[in-house]
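> Okay, here's what each chain looks like letter by letter:
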Amino acid sequence: MTLTEFVIATVVKILVVLGLFSALAGFGTYLERKVLAFMQRRLGPMHVGPYGVLQVLADGIKLFTKEDIVPQNSVKPIFMIAPVIGAATAFIALAAVPLFPEFEIFGITVHPIISDVNVGVLFVLGVMASGLYAPLLAGMASANKWGLLGAARTVIQLLSYEVVTGLSIMAPLMMVGSLSLIDINNYQSGGFGDWIVWAQPVAFVLFLIAGFAETNRTPFDLLEHEAEIISGYATEYSGMRWGMFFIGEYANMITIAFLASLIFLGGFNDWGFIPGGLAIILKVSFLFFFFLWTRAAWPHIRPDQLMWLCWKILLPLAVINIVITGLVLMI
Amino acid sequence: MSLEQFKDRNVSQNYRFIPVDKPPTAPMDKFKQVLKRTFKGELFVGLWVVFREMVKFNIHTVQYPKEKLPISPRYRAVHKLYRLLESGYERCIGCGLCEKICIANCIRMDTRYDENQRKEVTEYTINLGRCIFCGYCAEVCPELAIVHGGRYENASEQRAHFVLKEDMLTPLDFLKEGKQEEFPGFGAVSPNADERIKKTPLAY
Amino acid sequence: MFEAIAFYTFSAITIVMFTITVMSKNALYSMSALAAGMIIISGFFFLLDADFLGVVQIIVYTGAVMALYAFGMMFFDTTREVKESIRAPKLVFLLSGMSALLLVIALVAPIVSDHIEPLYPVVEGVENPQAVGIVLFTKYLVPFEVAAVMLLVAMISGIILAGKKMDKSLTLKTDGEDEFQNGGSK
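Protein chains in written order, with my numbering: chain V, 1 to 331; chain F, 1 to 204; chain X, 1 to 186.
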């Protein structure tokens with residue numbers, strides 16, 4: 001592949017991923033509202049388009065045309081940059097995720113990964129972690145006490161779950177012996193029985209819990225819990241800047257779903273008669289649905305409970321898991 | 001729930017205390033509690049309940065502008081002025097009782113004698129900004145001329161809408177089509193009113 | 001060519017960011033610029049094919065600067081400028097400038113005399129994490145373990161220092177046993 005081809009292919013991939021995942025993130029809000037509504041015996045959005053499908057479009061128009069308010073006492077440049085960080089990091093993290101198996105289109109073999117960093121897992125997790133700077137900066141810059149509380153909770157959350165995420169995927173990485181997501185995927189190519197989740201159930205549960213914390217989904221929905229801190233870091237935001245936080249959050253959810261299915265659930269290998277591309281879509285959809293499902297079912301916890309859970313329960317569990325995995329690998 | 005239970009104002013007798021254990025203090029007990037809660041599967045019960053509701057698809061939403069819940073005949077929304085069913089004359093005889101009894105002081109009416117020396121209402125307005133929808137006007141009206149209607153959607157371009165005489169009065173063509181239904185609600189005569197009438201004793 | 005463009009872009013951004021960190025009077029600007037600079041530095045590692053170190057740079061400094069933010073949040077009103085009182089600005093400027101210059105000379109001298117070469121060049125076929133691991137667990141095993149023990153000591157002492165009165169709740173205290181507030185108000 002020459003340099004020009006490489007540049008063109010990369011640019012096309014970036015555009016496709018950006019467009020596709022912005023649309024998916026928008027559609028995710030529709031799905032979330034529908035699923036939550038059905039679980040609470042409601043109908044959800046019904047009026048815009050058939051069954052409210054075009055609600056996303058209406059919301060988008062609303063967000064784009066709304067006035068962009070910057071509060072007088074805020075630190076303006078940082079206030080304005082913060083949502084961009086949120087959306088950008090979510091998409092940058094997607095750059096190192098192999099989305100589908102290789103396929104051929106118009107006679108060209110396409111690797112559906114923008115940049116095959118050979119430490120893919122760490123890259124994705126690191127970039128996603130730095131995505132938490134968005135709520136932090138937003139809360140601290142908006143000169144609002146609710147915002148400041150949201151920012152403080154962001155710090156708590158990052159310092160709590162970050163360690164658990166790293167340690168929980170350590171054990172599967174030890175089994176595979178590589179940090180590349182493609183290698184991890186290929187390790188599980190033997191079919192249903194080869195999925196790492198069967199060998200590492202504890203790590204899977206820990207990773208999911210940490211993933212919930214990483215994407216601020218409901219059991220750990222501390223940063224912007226309406227009942228406690230109005231809207232947390234997003235209190236002063238309006239219009240598209242607020243929308244960017246949301247796109248970032250949903251893109252992060254999809255990324256975590258991709259990561260969990262790649263590392264633990266067999267990735268994009270063929271699953272019985274189901275081809276690999278469809279299999280990973282099914283897995284990611286289920287995990288995404290699981291995110292919404294827990295939001296309907298579970299209450300959220302206090303910040304001190306999150307710290308207690310992460311440092312006193314999950315961290316020791318993860319360490320024990322690593323030690324046992326190491327012992328088993330040695331023998 | 002029986003009527004007696006319902007009427008019981010002294011509710012404290014029926015309170016039932018849910019036994020709540022004191023939170024454990026010893027580290028071992030705390031650990032045991034965590035273990036119990038972790039493996040009891042309460043979280044999965046929650047997941048199952050919402051999933052069951054989703055699959056059952058028993059939706060309770062009323063899609064309001066498209067479908068409306070039936071409202072009670074005694075519902076007290078914006079007022080209506082009725083006409084006599086046969087002749088089409090206005091029922092209002094201009095007695096002014098409603099104006100007098102209105103506790104919010106929001107009804108204003110203007111009357112005069114028409115060519116038949118019959119009292120006729122020329123102006124009749126209700127200030128809906130002051131009206132508290134108590135229903136006294138409908139109750140006191142001897143002719144059942146002013147009643148409360150069921151129209152609770154009060155969005156309009158002018159705040160004076162709904163409250164002028166021509167807005168409240170049943171239109172004539174509407175009456176001719178027989179669409180003015182007798183008011184069954186607050187202040188109306190009961191359905192068995194005829195049976196309950198006692199004849200005036202003529203002894204004195 | 002791409003490397004050169006990327007290198008100069010990253011260098012410019014890094015220098016600007018760290019200048020803001022030092023010069024700004026607003027704590028929020030300083031900390032954000034510091035975080036941005038630290039993350040941009042990882043770009044240099046990526047340029048040098050040291051993916052692992054680059055990612056570690058991102059992960060470590062995300063958490064580290066986040067803790068700095070927590071301190072900033074507790075000590076300052078981060079949306080206002082910090083009032084500084086420097087008695088002899090010229091002296092401070094001179095001394096800090098001199099020391100910075102000395103540092104630069106000390107670091108650049110070997111490059112100028114062209115005696116710099118990588119101790120552990122990237123070997124084809126050995127991945128980054130493996131290379132780092134091999135070096136860490138053979139040649140630098142003792143410093144690595146010493147660092148680990150020091151961190152452990154720091155952690156335990158931190159827990160002991162912070163955990164002295166952890167079993168007493170600050171919020172559930174009644175007025176009678178309120179020694180902190182009484183002491184503070186006197």
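For the record, the hints were derived by calculation from the structure and aren't laboratory data. Among the hints, erroneous ones may be present.
[As the list claims (entries may be wrong)] Capping the alpha-carbon separation at 35 Å, the derived lysine-lysine pairs in DSBU-like fashion look like this:
1. V/Lys76 with X/Lys25
2. F/Lys22 with X/Lys139
3. F/Lys165 with F/Lys176
4. X/Lys83 with V/Lys76
5. V/Lys145 with X/Lys90
6. F/Lys40 with V/Lys312
7. F/Lys32 with V/Lys34
8. V/Lys312 with F/Lys66
9. V/Lys145 with X/Lys165
10. F/Lys22 with V/Lys62
11. V/Lys34 with F/Lys68
12. X/Lys139 with V/Lys145
13. X/Lys83 with F/Lys40
14. V/Lys312 with F/Lys30
[What the hints assert, rightly or not] Here's a subset of chain V near chain F, in silico, CB distances under 7 Å, partners left out:
15. Ala23
16. Gly26
17. Phe27
18. Met39
19. Arg42
20. Trp298
21. Arg302
[What the hints assert, rightly or not] Reference listing, derived: stretches of chain F covered by chain V, where coverage requires no fewer than 3 residues with Cβ under 8 Å from a Cβ of chain V:
22. 52 to 61
23. 163 to 173
Every residue gets a Cβ at the ideal spot worked out from N, C-alpha and C, and that includes glycine.
> Work down the list of hints and note, for each, if the structure agrees.
A quick look at each hint next to the structure:
{"no.": "1", "hint": "V/Lys76 with X/Lys25", "result": "15 Å, holds"}
{"no.": "2", "hint": "F/Lys22 with X/Lys139", "result": "56 Å, violated"}
{"no.": "3", "hint": "F/Lys165 with F/Lys176", "result": "19 Å, holds"}
{"no.": "4", "hint": "X/Lys83 with V/Lys76", "result": "20 Å, holds"}
{"no.": "5", "hint": "V/Lys145 with X/Lys90", "result": "39 Å, violated"}
{"no.": "6", "hint": "F/Lys40 with V/Lys312", "result": "20 Å, holds"}
{"no.": "7", "hint": "F/Lys32 with V/Lys34", "result": "39 Å, violated"}
{"no.": "8", "hint": "V/Lys312 with F/Lys66", "result": "53 Å, violated"}
{"no.": "9", "hint": "V/Lys145 with X/Lys165", "result": "28 Å, holds"}
{"no.": "10", "hint": "F/Lys22 with V/Lys62", "result": "51 Å, violated"}
{"no.": "11", "hint": "V/Lys34 with F/Lys68", "result": "22 Å, holds"}
{"no.": "12", "hint": "X/Lys139 with V/Lys145", "result": "51 Å, violated"}
{"no.": "13", "hint": "X/Lys83 with F/Lys40", "result": "56 Å, violated"}
{"no.": "14", "hint": "V/Lys312 with F/Lys30", "result": "12 Å, holds"}
{"no.": "15", "hint": "Ala23", "result": "25 Å, violated"}
{"no.": "16", "hint": "Gly26", "result": "22 Å, violated"}
{"no.": "17", "hint": "Phe27", "result": "19 Å, violated"}
{"no.": "18", "hint": "Met39", "result": "4 Å, holds"}
{"no.": "19", "hint": "Arg42", "result": "5 Å, holds"}
{"no.": "20", "hint": "Trp298", "result": "6 Å, holds"}
{"no.": "21", "hint": "Arg302", "result": "14 Å, violated"}
{"no.": "22", "hint": "52 to 61", "result": "holds (count 7)"}
{"no.": "23", "hint": "163 to 173", "result": "violated (count 0)"}
The structure is inconsistent with the numbered hints 2, 5, 7, 8, 10, 12, 13, 15, 16, 17, 21, 23, although it conforms to all the rest.
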